[in-house]
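**Student:** Once you have looked at the hints, place chain B on chain A.
Protein sequences, first through last, are from chains A and B.
Quick note on our numbering: the first sequence kicks off at 1 and runs consecutively.
Quick note on our numbering: the second sequence kicks off at 1001 and runs consecutively.
Think of the hints as simulated: they come from the structure by calculation, not from any bench.
Just so you know, these numbers come straight off a predicted model, no measurement behind them.
Do not take every clue at face value.
[To be verified] Counterexamples of contact, computed for chain B against chain A with all Cβ distances above 12 angstroms:
| id | residue |
| --- | --- |
| 1 | Arg1005 |
| 2 | Ile1007 |
| 3 | His1070 |
| 4 | Gln1082 |
| 5 | Lys1084 |
| 6 | Val1086 |
| 7 | Ile1092 |
| 8 | Gly1109 |
| 9 | Glu1112 |
| 10 | Asp1121 |
| 11 | Tyr1126 |
| 12 | Arg1128 |
[What the hints assert, rightly or not] Straight-line C-alpha distance at most 25 angstroms; calculated DSS-like pairs for lysine-lysine:
| id | chain 1 | residue 1 | chain 2 | residue 2 |
| --- | --- | --- | --- | --- |
| 13 | A | Lys455 | B | Lys1006 |
| 14 | B | Lys1107 | B | Lys1132 |
| 15 | B | Lys1106 | A | Lys478 |
Positions of the beta carbon are idealized from the N, C-alpha and C atoms, including for glycine.
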Amino acid sequence: MFDRKMLEEIAREHKRWSDNLETSLKKRPERKHDFANTSGIPVNRVYLPGDIDDSDYMDEIGLPGEYPFTRGVQPTMYRGRLWTMRQYAGFATAEDTNRRYRFLLEQGQTGLSVAFDLPTQIGYDSDHPLAQGEVGKVGVAIDSLKDMEILFDRIPLDKVSTSMTINAPAAVLLAMYMAVGEQQGVASKGLRGTIQNDILKEYSARGTYIFPPKPSMRIITDIFAFCSREVPQWNSISISGYHIREAGSTAVQEVAFTLADGIAYVEAAIHAGLDVDEFGPRLSFFFNAHLDFLEEIAKFRAARRLWAVIMRERFKAKDPRSIMMRFHTQTAGCTLTAKQPKNNIVRVAFQALSAVLGGTQSLHTNSMDEAFCLPSEEAVQVALRTQQLIAHETGVTDTVDPLAGSYYIENLTNEIYERAQKYIEAIDELGGAAAAIEKGYIQREIQDSAYSYQKEIEKNERVVVGVNRFQVEEEPPKDLLRVNPAVRVSQIERLERLKSDRNNEKVKDILSDLRSAAEGSENLMPFILEAVRAYATLGEICDALRDVFGEYQPVSTLGG
Amino acid sequence: MTSARKIRVLAAKPGLDGHDRGIKVIANALMDAGMEVIYTGLRQSPEQIVETAIQEDVDVIALSILSGAHDFLFPRIMELLQEKGVTDVLVIGGGIIPDEDIAELKKVGIAEIFGPGAYTDDIITYIRENLKR
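Okay, chain A solo, but in the shape it has when bound (with noise of 0.2 angstroms):
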C-alpha cells in the first residue's frame, strides 16, 4: 500500500525509536509484559504503516457500499440514514408488552423488537406443566393470534418494522404477524421486519430447540423460499453470533461460528433447490457488541469483508445485496455487572459507540438493570438516549466509516478475518457447522473459552471495575420490575375461552393437513398460516410439528 522508500525509512525510524526506549523500560516497565486482546491476538505497542502493507486497497477495503463492504454496506451510511434504534422488549401478557413499544415508539425508537417468553419461544402453550413459572418472565407470553393482535393494537404494521428473537417456532410467529398485518389491510408484502430463525446456534449457545436439525433445516428453506414470494421485505433469518459471544466465546470466534452457521443455511437453500441470489438479499446478521472497543470495530469490519467473499467466491452469488452482510447489534448482556449498576450505563455507551463505528444497522443497547431483572422504564430510557446520544451529539455519524485506515484497526481487521477464515476451514473439515455441533465442537471450543475468561477475573488478570476493583459497600437496588405469577392464570383462561369460540372441527383438519405436509416435502408455510388464521394454537402447531419430526436430543460437552 506504500512507497518502499518510506517504508524503509519508517522501519530505521521506528528500530532507534525502539532502542531508545529500551533503557527507560528498564526503569519504568509498561503494565504488562504481554498485551493481547481479548481472542488472543497480541497487540503491539505501536502500529506503523508496515503493519498494513500487504493488504490491496480496492480488494480487501475498498469503498463504502461496494465490494467487499469491509467500509460499511452503503454508500453514504450515517450521512443518509441513521441506523434503527430497536430496544428488545417484551413480558407479561400482550397488553403489558403494547404498553412498553407504544411508550417505546413515542420516545423515538424506530423499529420494534420482540422478546418472546420461553414457552413461547420452545412451542408450548401457557399452559404446558413445563411452561410453569416461566409464563411472561423472560418475555410476552404468545399462544395464538389472539394475542398476537393485541400485541401490535394501535401499531400501524405498514410503518415500523418489526424483529422477533423467535427460532424453532419462527415460521409459527410469522404467521400470526403476517395474519394481524391482513386485518389492519396492510399486504404481506408491504410488512417489513426479520424473524431470527437461526436453529443452529440454539443447539450451540442458546438453547430454545425443539426438532432435530434436518427437519429444522427443512423449516428454515422452507421459510426462504416462502418469503422470497410472499414477504419480499422481510429478512427471512437473522444468523446471529450474538449468542455464541454471550456464551464465552470470543470476538473471532464469534465471526467463525456465525459465518459457518450462514455457511450452513446457504448450502441448505441451494440443496432445496433455491438461487443464490433468490434469498442471498434478505439474509441478516446479529452480532454482539463486547468489551474490547477497538477489537470489536475490527470485528464487524473483518467479519463484513468474509461474508462478502464467501458469497462471492464460494457461492457464486451475483447480487450485490446477497453479497453485502447486514447486521444488527446488541451491546453484551454478560458484561453487566449487578455491583454499582449505574456503571453499566458507560459501559453500554462504550459498547454501542464501537458498533456505529463497526458500520451496524440496527442496535439494542441494554438496560443497567439488567444484571437483574428486565429493565424498567426509566433504565430503558437511559439506554435508548446512549443511541441518540451517539446519533445526534458525538459526531461519528458525519463520515463513513472514520476508523478506517487506522494501522492498528487494519492490521487487526486482518487479523480477525484470517483467524475466523482458520476456524471456517476447521468447521468445513468436520463436515460443516451441523455436523461440528453434533461432535460437540462448537460447543466445546465456546465453553473453553467461557472457562479461560472467568480464570482470568478470579486471577484478577482481568480487571472488572466494581467487581475485583474498585469496589464499595452498597445497598441492594430497589423497585425492580417484576412479572406477576397471576399472568399464567390470566393466559390459560385466555386460552379456554379460545378452544370453546372457534370453530374446533377447522382447527383439527387444518392440523392433521399440516402433519400431511410435514410428512411430505411441500412448503410448509401455507399450511402454518392457514393454521394460524382458524386459531390453531402455536402449542398445537408444534405438536403437530413434533409429532412427525420429534425432538432434538443434545449431546453431553462437559468432562473428559
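**Tutor:** This is chain B only, laid out in the frame that chain A set:
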C-alpha cells in the same frame, strides 16, 4: 462417608432457560477442584432433578436459572426433596436472582445464592465448608 470419596455434585438447569455458560463454568471449576460433577443438561423438570440427585447419590445440588423462574422452580425442588426424605444434600443456587428474593429461597432450604460476579473459588470453599454429610 470415607475421606477418599470425592464430593459429588449435581449441576442442574431447571426449567426452560437455555443460559448454560455459568453452570458449565462452575462445573469445570468444581471438577478442577477435585469434585465429581454430573451435569443434567438443559430443560430439566424438578422431578427429573430430584430423581437424578437420588440415583447419583450426590452431596450437593447446584441449580442455575437466569429466566426468573427460580421463584417457582427452586421451592418446588426443595418440596420434592423433602417428600423423598432427602435432607442431607446441600442445595445452592445461582443466576439472575434479585436480592429481595433470596430470603424467601433460603427459607425453603436453599443454602446459598451466588449471583453474577460470584467467584468459583468462593463456591468451592462454600461447598467444602457446608456439606451436610
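**Student:** Each hint should be assessed against the structure and marked as holding or not.
**Tutor:** Taking the hints in turn, this is what the structure says about them:
1. Arg1005: holds (18 angstroms)
2. Ile1007: For B/Ile1007, whose nearest Cβ neighbour in chain A is about 15 angstroms away, the distance exceeds 12 angstroms, so it holds.
3. His1070: violated (8 angstroms)
4. Gln1082: With a cut-off of 12 angstroms, B/Gln1082 remains clear of chain A, as the shortest Cβ separation is near 18 angstroms.
5. Lys1084: holds (19 angstroms)
6. Val1086: Non-interface label stands for B/Val1086: nearest chain A Cβ at 21 angstroms, farther than 12 angstroms.
7. Ile1092: holds (17 angstroms)
8. Gly1109: holds (17 angstroms)
9. Glu1112: holds (16 angstroms)
10. Asp1121: Incorrect as stated: the minimum Cβ-Cβ distance to chain A is 6 angstroms, not above 12 angstroms.
11. Tyr1126: holds (15 angstroms)
12. Arg1128: For B/Arg1128, whose nearest Cβ neighbour in chain A is about 17 angstroms away, the distance exceeds 12 angstroms, so it holds.
13. A/Lys455 to B/Lys1006: With Cα atoms ~23 angstroms apart, A/Lys455 and B/Lys1006 stay inside 25 angstroms; holds.
14. B/Lys1107 to B/Lys1132: Given pair B/Lys1107, B/Lys1132 holds - Cα atoms ~17 angstroms apart, limit 25 angstroms.
15. B/Lys1106 to A/Lys478: Holds - the C-alpha atoms of A/Lys478 and B/Lys1106 are around 19 angstroms apart, at most 25 angstroms.
The structure is inconsistent with the numbered hints 3 and 10, although it conforms to all the rest.
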